[in-house]
Amino acid sequence: MQKYLIRKIKDKIVYAVCLICVIIAIIPLGSILFEVIKNGLPALNSDFFTKGPGPIGESGGGIANSIQGTLILIGLTSLIGIPIGIMSGIYLAEHGNNQFGRIVRLTNNVLMQFPSIVIGIFAYLVIVLPIGSFSPLAGAIALAIIMVPIITRTTEESLKLVPNTLREASMALGIRRWRTTVSIVLVSAKSGVITGIMLSIARVAGETAPLIMTILGSQWFFSGLTEPMDALTLRIWRLSLLPYEYAHTMGWGAALVLIILVLSLNVSARILTRSRYRVKV
Amino acid sequence: MSPDDVFKYILGFISGIVVLTLFLMVLELFRYSLPVLSLKFIFGINWNPVVGSEEYGILPYILGTLVTSAIAIFVGVPISLGIAIYLSEMAPNFIRTILSFVIELLAAVPSVIYGLWGLFIFRFWVRDFIEVPLSKHLAFIPIFQGEPFGLDILTAGLILAIMIIPTVSSVSREVLMAVPDSQREAAYSLGATKWEVIRLGVLSYAKSGIVGAAILGLGRAIGETMAVTMVIGNAIGPAALPTSLFKAGQTMASLIANEFNEADPTSLHPNALIGVGLILFVLALTINLLAQLLIWRILKIKEGAVE
Amino acid sequence: MDNELISLGSKAGSQQKYGRTYKIEIENLSAWFGTKQVLKDINMKIRANAITAIIGPSGCGKSTLIRCLNRMHELVPSAKVSGKVFLDGIDIYSKNVDPVVVRRKVGMVFQKPNPFPTMSIYDNVAAGLKLNGIRDRKVLDKLVRRSLEQAWLWDEVKDDLDKPGSSLSGGQQQRLCIARALAVEPEVLLLDEPTSALDPIAASKIEQLIVSLKRDYTIVIVTHNMQQAARVADYTAFLYLGKLIEYDETSRIFSNPKEELTENYIAGRFG
Ligand SMILES: Nc1ncnc2c1ncn2[C@@H]1O[C@H](COP(=O)(O)OP(=O)(O)OP(=O)(O)O)[C@@H](O)[C@H]1O
Ligand SMILES: [Mg+2]
Numbered sequence: 001m002q003k004y005l006i007r008k009i010k011d012k013i014v015y016a017v018c019l020i021c022v023i024i025a026i027i028p029l030g031s032i033l034f035e036v037i038k039n040g041l042p043a044l045n046s047d048f049f050t051k052g053p054g055p056i057g058e059s060g061g062g063i064a065n066s067i068q069g070t071l072i073l074i075g076l077t078s079l080i081g082i083p084i085g086i087m088s089g090i091y092l093a094e095h096g097n098n099q100f101g102r103i104v105r106l107t108n109n110v111l112m113q114f115p116s117i118v119i120g121i122f123a124y125l126v127i128v129l130p131i132g133s134f135s136p137l138a139g140a141i142a143l144a145i146i147m148v149p150i151i152t153r154t155t156e157e158s159l160k161l162v163p164n165t166l167r168e169a170s171m172a173l174g175i176r177r178w179r180t181t182v183s184i185v186l187v188s189a190k191s192g193v194i195t196g197i198m199l200s201i202a203r204v205a206g207e208t209a210p211l212i213m214t215i216l217g218s219q220w221f222f223s224g225l226t227e228p229m230d231a232l233t234l235r236i237w238r239l240s241l242l243p244y245e246y247a248h249t250m251g252w253g254a255a256l257v258l259i260i261l262v263l264s265l266n267v268s269a270r271i272l273t274r275s276r277y278r279v280k281v
Numbered sequence: 001m002s003p004d005d006v007f008k009y010i011l012g013f014i015s016g017i018v019v020l021t022l023f024l025m026v027l028e029l030f031r032y033s034l035p036v037l038s039l040k041f042i043f044g045i046n047w048n049p050v051v052g053s054e055e056y057g058i059l060p061y062i063l064g065t066l067v068t069s070a071i072a073i074f075v076g077v078p079i080s081l082g083i084a085i086y087l088s089e090m091a092p093n094f095i096r097t098i099l100s101f102v103i104e105l106l107a108a109v110p111s112v113i114y115g116l117w118g119l120f121i122f123r124f125w126v127r128d129f130i131e132v133p134l135s136k137h138l139a140f141i142p143i144f145q146g147e148p149f150g151l152d153i154l155t156a157g158l159i160l161a162i163m164i165i166p167t168v169s170s171v172s173r174e175v176l177m178a179v180p181d182s183q184r185e186a187a188y189s190l191g192a193t194k195w196e197v198i199r200l201g202v203l204s205y206a207k208s209g210i211v212g213a214a215i216l217g218l219g220r221a222i223g224e225t226m227a228v229t230m231v232i233g234n235a236i237g238p239a240a241l242p243t244s245l246f247k248a249g250q251t252m253a254s255l256i257a258n259e260f261n262e263a264d265p266t267s268l269h270p271n272a273l274i275g276v277g278l279i280l281f282v283l284a285l286t287i288n289l290l291a292q293l294l295i296w297r298i299l300k301i302k303e304g305a306v307e
Numbered sequence: 001m002d003n004e005l006i007s008l009g010s011k012a013g014s015q016q017k018y019g020r021t022y023k024i025e026i027e028n029l030s031a032w033f034g035t036k037q038v039l040k041d042i043n044m045k046i047r048a049n050a051i052t053a054i055i056g057p058s059g060c061g062k063s064t065l066i067r068c069l070n071r072m073h074e075l076v077p078s079a080k081v082s083g084k085v086f087l088d089g090i091d092i093y094s095k096n097v098d099p100v101v102v103r104r105k106v107g108m109v110f111q112k113p114n115p116f117p118t119m120s121i122y123d124n125v126a127a128g129l130k131l132n133g134i135r136d137r138k139v140l141d142k143l144v145r146r147s148l149e150q151a152w153l154w155d156e157v158k159d160d161l162d163k164p165g166s167s168l169s170g171g172q173q174q175r176l177c178i179a180r181a182l183a184v185e186p187e188v189l190l191l192d193e194p195t196s197a198l199d200p201i202a203a204s205k206i207e208q209l210i211v212s213l214k215r216d217y218t219i220v221i222v223t224h225n226m227q228q229a230a231r232v233a234d235y236t237a238f239l240y241l242g243k244l245i246e247y248d249e250t251s252r253i254f255s256n257p258k259e260e261l262t263e264n265y266i267a268g269r270f271g
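Chains as they are written, first to last, in this note's numbering: chain A, 1 to 281; chain B, 1 to 307; chain C, 1 to 271.
These are computed hints drawn from the structure, not numbers from a lab.
Hints should not be assumed to be uniformly reliable.
Simulated crosslink set (DSSO-like; lysine-lysine; CA at most 30 angstroms straight-line) [stated by the list, open to error]:
#1 K214(C) x K207(B)
#2 K130(C) x K207(B)
#3 K12(A) x K45(C)
#4 K12(A) x K8(B)
#5 K40(C) x K8(A)
#6 K80(C) x K40(C)
#7 K8(A) x K136(B)
#8 K80(C) x K205(C)
#9 K95(C) x K142(C)
#10 K84(C) x K138(C)
#11 K8(A) x K84(C)
#12 K205(C) x K10(A)
#13 K130(C) x K112(C)
#14 K205(C) x K194(B)
#15 K163(C) x K130(C)
#16 K95(C) x K130(C)
#17 K36(C) x K163(C)
#18 K8(B) x K8(A)
#19 K163(C) x K142(C)
#20 K142(C) x K3(A)
#21 K160(A) x K207(B)
#22 K12(A) x K40(C)
#23 K158(C) x K8(A)
#24 K80(C) x K12(A)
#25 K45(C) x K112(C)
#26 K243(C) x K84(C)
#27 K142(C) x K84(C)
#28 K194(B) x K258(C)
#29 K158(C) x K142(C)
#30 K142(C) x K10(A)
#31 K190(A) x K160(A)
#32 K205(C) x K40(C)
#33 K112(C) x K36(C)
#34 K194(B) x K130(C)
I would like the entire structure built from these sequences, with the hints used as guidance.
Set out below in structure tokens:
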């Protein structure tokens with residue numbers, strides 16, 4: 001009898017502990033959102049969005065060049081990463097049931113959790129060193145290596161959800177396998193594929209480490225593929241290291257812009273597919 | 001060759017690019033770090049990039065990485081497991097949906113923002129609520145010695161713990177959900193309480209998958225750069241040896257981030273940093289493969305492929 | 001006696017319940033999954049120390065019915081129950097009865113053997129005992145052995161007690177599950193198609209085992225196999241579309257059913 005009481009109490013305690021774990025996890029998110037909004041809002045003004053940074057140590061100026069850099073990076077990365085990601089996703093879903101497919105899948109899984117700074121070093125070694133200068137291209141290639149596995153995985157998974165009967169029906173009409181894949185299977189899986197693309201963009205937009213050794217960061221707006229460039233994430237980091245109050249405010253402001261970009265991509269991706277294609281990034 | 005075959009081979013070739021990339025990555029990292037690779041590199045504790053008296057020993061940073069990751073695992077994994085249990089075994093459906101969403105958002109926050117928050121907010125929480133009390137009462141224990149400052153190994157480890165929670169909890173949740181209901185029923189039918197059902201029917205079944213999730217978290221923690229760089233205090237050389245939790249330290253990743261742009265290309269400094277990258281690569285690869293293996297096995301059981 | 005169900009601790013085995021003819025009395029029992037009603041106003045009295053079989057076509061609610069007898073039905077999130085189920089005269093659905101205690105008294109064996117795969121054979125059997133606070137190794141040893149003997153498994157596994165439960169054959173696993181259920185000394189044993197996943201030889205062994213258990217337990221068995229019902233059961237209930245069509249002594253049901261539906265089903269004309 002007493003023992004049973006203890007068992008029941010234990011049951012309740014475990015429930016409470018699990019609930020506390022949930023709360024502990026939510027607190028940082030709540031605090032981060034709160035602080036970023038509270039400290040970032042005062043930084044927002046028209047200069048902030050239209051100008052580059054002023055001389056170090058003087059307040060004023062903005063982060064327009066960093067926003068531009070991030071957008072350019074997203075563009076370049078997508079140009080490289082989306083086609084490769086989608087194509088390898090298609091390969092894995094439609095033809096990937098072999099040893100080679102398994103190796104590709106494993107590699108993608110490994111890269112998905114890989115230290116991004118190591119990927120940055122790699123891009124430095126194969127792009128920056130040979131061309132002799134920091135380059136947005138090197139940054140884009142590093143980010144593409146992060147992007148491809150995410151898109152590959154989502155594409156594969158959403159293609160696999162397309163019922164086989166659809167493929168069979170199409171091929172029964174005499175349509176070739178590859179046409180079927182492209183115009184029937186891929187099209188009916190498009191919302192899953194788009195979700196993957198959005199999530200991967202959100203992920204690369206928030207990357208900092210691989211940019212350090214590829215685009216370096218800059219005070220100026222984009223000035224060519226063989227010049228250093230800035231990005232929001234790099235700017236946040238550099239600003240946080242400066243010993244000036246105004247710099248910290250601008251850092252929070254940049255963080256606000258970044259977090260809005262990243263979270264809105266994430267939220268809309270999830271709404272788009274209502275958790276039908278769930279993917280860990 | 002039919003058009004279908006051409007299509008297939010082109011796709012296959014493209015999807016092989018990632019494999020090639022990974023290969024090339026090892027090769028390049030190895031090539032550039034060859035000049036510094038030696039036992040002294042791995043076990044040395046001095047770090048001096050001044051040309052003429054160059055010396056590169058990375059033991060403090062290896063240890064820094066291991067200690068911060070260990071803190072992350074010790075703190076982050078139990079919390080993640082609690083979340084996973086709550087989500088898979090206890091939460092009503094609508095709460096489960098909302099919470100999973102919130103945790104996915106936690107995963108989406110860029111690490112530099114964790115760093116910013118860590119530097120200006122979280123650091124003071126750690127200092128005031130954890131370090132000060134610990135150093136007041138437990139200062140006789142070596143790892144709690146030193147003046148609490150908040151920019152140190154403990155803060156870095158704790159911020160890593162927060163950052164691995166989304167990964168570890170969502171993978172563990174998937175593993176728990178893959179446990180067949182027949183296991184839960186078996187425990188229920190013996191007259192088990194909810195917790196006993198979880199313990200007997202669920203956790204014991206899902207053990208290896210949970211270990212896999214934890215190892216995946218470890219992989220994350222080891223490679224995480226920005227947040228750590230911003231809160232760990234960035235010590236160098238023997239000073240970076242993690243002898244106390246309240247001391248500034250340095251991880252392999254933060255060292256690379258801090259010094260890469262300052263390295264003199266005519267010295268061995270870049271090679272040494274690339275060497276650190278190589279060690280990180282090997283560590284991350286090993287950990288990742290192990291995690292994949294464990295998780296893959298347990299999720300496979302769910303699909304009925306393995307009994 | 002009230003306290004016995006509400007609390008735990010009494011070791012009252014069914015042997016001590018002489019005199020009570022009916023172990024379980026089901027009154028106006030209805031059950032739902034969401035809005036779908038799968039049991040409709042069932043009334044039925046189950047005799048102590050006898051084997052009662054429940055037969056009926058697939059989907060008619062057999063599993064649901066026995067899962068209502070140990071309050072396992074309500075574990076499905078959308079599930080609902082109304083009506084009463086008396087165990088030794090106490091309604092297990094009344095407010096102050098704890099389902100955990102009910103399940104401890106009413107054991108269950110499932111269609112697909114479900115041993116805890118990572119636990120050893122010994123630990124599988126001991127699992128329920130440990131829940132109830134039995135830690136003494138000697139007592140555990142004794143009870144584990146007794147349960148395995150009762151389940152006719154002892155001779156086959158006595159040298160491999162520390163091997164994992166999943167290493168046994170299907171039929172052995174099912175007997176392990178029976179041993180695991182018996183270890184906590186339930187009063188009633190519910191079996192949901194316990195042999196349908198097994199080969200005929202393993203199945204026949206389990207059938208004989210079940211018959212041997214009725215001296216000590218009240219047994220309710222769901223089966224698809226009418227020969228099986230005829231062979232083992234003292235009483236048989238025929239369920240159709242959630243309704244109890246006919247319930248009588250097995251010999252009567254099979255030789256001389258009152259209802260045409262029962263007759264058709266037994267003759268194999270549907271289901
Ligand atoms: N979890 C559930 N959710 C919703 N409906 C269910 C669920 N389980 C069973 N049902 C429905 O309830 C009805 C009764 O199911 P039950 O499992 O009791 O049938 P049964 O007689 O045991 O069938 P079988 O012989 O196939 O085991 C069926 O129509 C089934 O579709
Ligand atoms: Mg059934």
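Next item on the list: Hint by hint, work out which the structure violates, then give me just those numbers in ascending order.
Entry: Result: hints 1, 3, 4, 5, 7, 8, 9, 10, 12, 14, 17, 18, 22, 23, 27, 28, 32 break, sorted rising.
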